[in-house]
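Enquirer: Listed below, chain by chain, are the residues.
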Amino acid sequence: MRLSAVKPIALVMTREIVITTLLLLGVSFVVFVILYFSPGDPFSVLLQGQMASEEARMGAREALGVSPSWYTQYVSWLVNMFQGNFGTSIRTGLPVLGELIRTGINTLYLTVGSLLVTLAIAIPIALYSSVRGETVFTWPLTMFAYVISALPVFWLGYIFIYFFMHKFNVFPVFSGTGAKFSWLYSLLPIFVLGIGNGTTSEVIRYLRDEMGRVMSEDYIRTARAKGASVWKHSFKEGLLIPVTEMIAAKIPFILGGAVIVEQVFNWPGMGRMAWQAAQDRDFPVIMGIAILAAVFVRMGSMFQRVVYVVVNPRASQE
Amino acid sequence: MKSYSQISGEIGEFSNLPFWKKADTVDLVYVSYGLLIVSLVILSYVLGMFNLMPHDPQALNLDLMMASPGTSGHLLGTDFLGRDMLSRLILGIQAYFLPGLLAIAISLSFGTVLGVLAGYRGGRFDTGITYFTNLVDSFPRLVLILLVIAAFKPDIYYIMIVVGLTNVPVVASLIKGKIHFLRQKNFIEAAVSLGLPTRTIILKHILWHNCRSLFIIQATLGMGEAILIETSLSYLGFGVQEPMPSWGNMVQSGANYFMQGKFWPSTAPALAILFTILGFHLLGDGLNNMLEGKRGR
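Line by line, the protein sequences are chains A and B.
Just so you know, the first sequence maps onto residues 1 to 318 in this note's numbering.
Just so you know, the second sequence maps onto residues 1 to 297 in this note's numbering.
It is worth saying that the hints were derived from the structure and are not from the lab.
Treat the hints loosely; a few may be bogus.
[To be verified] Interface residues of chain B toward chain A, partial, derived using beta-carbon atoms under 10 Å:
# : residue
1 : Met-49
2 : Leu-52
3 : Leu-135
4 : Phe-152
5 : Gln-252
6 : Ala-255
[To be verified] Counterexamples of contact, computed for chain B against chain A with all Cβ distances above 10 Å:
#  : residue
7  : Lys-22
8  : Ser-39
9  : Leu-60
10 : Asn-61
11 : Leu-75
12 : Phe-125
13 : Arg-141
14 : Lys-153
15 : Met-244
As the structure is a prediction and not an experimental result, all values here were calculated from the model.
Even glycine gets a Cβ: it sits at the ideal position worked out from N, Cα and C.
This is chain B alone, in the form it adopts within the complex (with noise of 0.2 Å):
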């Protein structure tokens, strides 16, 4: 029920455009870094499955020892034991590649059942997710991740578990509030008085339609996340444990030559979670200004 000149005033929010031409250039650098470093990271994990990297990860070389990036055939030099930068950074990817993607389906997936019911349903259920929500919060994460270390000593995989578990209030919070603002619009009401069943306007044209672009979003996010958790667990030396690398336990290693001066080893691995956390960031902000609108800044 728009006036002809609203529409007019409005002109952006309606053309035809592709969102990407509609968008910030900011924006569109911040999504393309996220993309490049995405990409990287697949490529990456690719590589490391089928063991295609310059040199064998754990192949000491003591003759060439905490070389310099740049030294002819170790691009980005060698550590203390004179194994390769750059194929132990790639194959460090596995370390939260896939746990970071199970952590993410956990979050989505529960996330979205306990918020289209609450959404829907309200009343009990709506009470329900705000006590969980206050719980998870309650828990500083990596407390609650060393209780679940203590208890189990569980692998990667299962830690990851719990870390999906406490984003899913965040996902059914998001989703939750997404579907209170959508029932009162007129979409919504013309498909239930077209006696359209539940599950088509929830799957249809609430989730498909609507929550598309908070999946990809939260889904950058908790990929940031896991690398963050994934590589304080192994700094701490909970995690992959040597010879493999993670780029947790690789600062960790090579923090014992700091103090001589030698960076290197140990800032290769920090610069390339600082560059992977700042990608998926970037990524996940940006997404969320072009697609749902919303400048921040």
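With the rest of the complex left out, here is chain A (with noise of 0.2 Å):
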């Protein structure tokens, strides 16, 4: 690649991540507020009303090494979240680090595959709308868009286990990690993500719009007169951004929808982590699943930047 190319690629990576070091602090700082202000820290706990007197307490808090003070208990817990020790499940009693891990992985695999699901949905009929215009079938596809955005996903999951696995047999109900077919089985969480995480309408309308504006904008009329194919003029703002975009906003919604599809489907991932730690109070690790999936959304919308910056160097200059 030549260096022209590069630089701005390299300039909005290192803005991009400027950015996301500051929204990570930020997001860190809310969770560690959150869990300060929470009745009962995990260290009276500990303590289970031993020592009843303040001083004894705070006593046993030096003794513990646990500082007083709010910020250096916030920034010692930060230095160790950079050195990769997210503490200890209360729960299991494991490394949070390693269980975030093995089902960040999971959940990542759930959110990418429904994130695909959507857009297969929402690609063709937002390009048949805006390029056709009104016709017949757009207002059964605006209802049809809707109506599966309000549909709960809960439900959804358990129709498609009834009808897929109880009723056809398409694929097994009891799904082994040692079964055959078991990557089949994945499919239909990644399905009913897909359908049922609401955002499907939302991102019709985003990506009609964008491209009924582009396909109205003077260099598609210049290309179709003079001959040119006008999808090769119009796909990367008309599409490519679009798509992007909406891939970048709604990462959050899929990996909140995904909580509840892996409770319906018990999928390892880390929604079903989370939900379990809510229940538990399991405080390490739903700031570690705070923090990752914080770092998740933050990965997609840097995607997003480079893939506008990539398409419209231009904008690295802003």
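Got two chains here, each in a separate frame; can you build the complex from them with the hints?
Expert: Right, here's the structure in full:
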């Protein structure tokens, strides 16, 4: 690659990394503040009311190396996290980081898969209605998008389980990890989350409006007039950029939906772990999940910025 | 400074027809369906509040379990303990209606204040709000709520405060955009040069005359979201607990009978969720198209 092509990407990457760092600091601070004000910190659980007096408690804190002021606590927690030490789970006693990576990969798989399903539904509908304008199908397609966006995803999950696993036996009901078609089983939650994450109608509307806007630009008319390919001229601005924008914007929603879908399908992912941790008040786990989820979200938006700059290098100067 | 020919060309925009006569049929259908749903929800809320339901929603009837809809006396059938579905659906509205209003009130009030500050003062406020927006967007909402649940074991009202706060940036940026757009208009300039106090300009000329529809639209969309979150949480077991009904925990408890082919106890509340959220979405979008003059089709 030539240097002129790399430079804008490097520029935008540096800026995005700075923004991401600032935002992750903010996220960690919010997480810390919520847990700092929560009643009954893990420390008092540890003491179990054995030391009644305030002085004795302070002494015990000092002996265990827990600093009394909130900012030193925050900084030491942050430094620990930077060294990859997310603490140990209160429920299982295992280090959080290993669990996070294991479940995070499962959730990433689910999330990316369902994003692809959502796009596979949304892009054809959006392209059809922006290129053809109003036809007989416009209204049914719009209604379809509205309905699947309002579907409760947990119920959709049960419907899928019933019909595909129970009724037609397409997928094995009991899929141990060693089962022959276990990867097939994983397609079900991906489809359910892809259809039912509640963002489809918004994605369709955005893609359609953007494509429609590009289609009415002068350069498309010129391309049409000189007989050049309209698709080639409209693809980047009309489809590629809006799609990446939607991917970046919808990752948080899909991660939220993953909490529910993982519950329905017993999917061993981050969402299920978050549910379990919220049940058990397992602070280190839920803190780690919040941070990791924020990292996923920021990665999505970084990806979007990079694609944007590759398409339009001038944007790196802004 | 429009010439006459332009005015005659845009007669639709300047005529004194009420807005519903200028609207598209599709939008009218959307809005009337949405209003129907809203009035049903409010009616059911009031009925549930005064205990005016066809049956006692907690009364067990072990002779009539899993009755199909249309059984005499039980319009929507009964659940796995013989409790009347319709009454439980009506009572389930109690779980989200007031909390949802709280979330809406929080997001609208804080969002307006921040939006006005960012739009009018700009500069540092603007940067701050952009940062705040990005910060909130970095959290998957459900994960943030689960974090709050783990920390405080709060009831639904506190959860809805969190939901409201996460919606603040959306409202703020909409108001900010609106103000940036309006400040270039002649009537604001005229109001400033007439010496009207800034308070009057903001409250009357900007917020009241030009942001009313925005508030209504955001409120309907916010209610749709509140329903989604409440039902999801009570499905996950964090919200309303049995035997009190919520649409989410009704789906969950009915799901045990799903594999036996008995869909109804779990499907009825799911359909209630579907139709209600659909109603709020359609109302919001229809109003958006009608009042803000956007035809996004």
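Enquirer: So is B:Leu-75 really clear of chain A, every C-beta pair being over 10 Å apart?
Expert: holds, 21 Å
Enquirer: Do the numbers back the hint for B:Met-49, that is, is its least Cβ distance to chain A under 10 Å?
Expert: Violated. Min distance 25 Å.
Enquirer: Please confirm whether B:Phe-125 is truly not at the interface, meaning its C-beta sits more than 10 Å away from all C-beta atoms of chain A.
Expert: holds, 17 Å
Enquirer: If I take the minimum Cβ distance from B:Leu-60 to any residue of chain A, is it greater than 10 Å?
Expert: Non-interface label stands for B:Leu-60: nearest chain A Cβ at 24 Å, farther than 10 Å.
Enquirer: Please confirm whether B:Arg-141 is truly not at the interface, meaning its C-beta sits more than 10 Å away from all C-beta atoms of chain A.
Expert: For B:Arg-141, whose nearest Cβ neighbour in chain A is about 5 Å away, the distance does not exceed 10 Å, so it is violated.
Enquirer: Classify the hint on B:Leu-135 as holds or violated, based on whether any CB of chain A lies nearer than 10 Å to its CB.
Expert: Since the shortest Cβ distance to chain A is 5 Å, the answer is holds.
Enquirer: For B:Ser-39, which was marked as not at the interface, is the minimum beta-carbon distance to chain A over 10 Å?
Expert: For B:Ser-39, whose nearest Cβ neighbour in chain A is about 18 Å away, the distance exceeds 10 Å, so it holds.
Enquirer: Could you check if B:Phe-152 really has its C-beta closer than 10 Å to a C-beta on chain A?
Expert: holds, 6 Å
Enquirer: Would you say B:Lys-153 is clear of chain A, with no C-beta pair closer than or equal to 10 Å?
Expert: Not fine: 8 Å to the nearest Cβ puts B:Lys-153 too close to chain A.
Enquirer: Take a quick look at B:Lys-22 and tell me if its Cβ sits farther than 10 Å from every Cβ on chain A, holds or violated.
Expert: Label holds. Min Cβ-Cβ 19 Å, cutoff 10 Å.
Enquirer: Does the closest beta carbon of chain A sit nearer than 10 Å to the beta carbon of B:Gln-252?
Expert: holds, 7 Å
Enquirer: Would you check whether B:Leu-52 satisfies its interface hint, that is, whether its CB is within less than 10 Å of any CB in chain A?
Expert: violated, 27 Å
In summary, the numbered hints that this structure violates are 1, 2, 13, 14.
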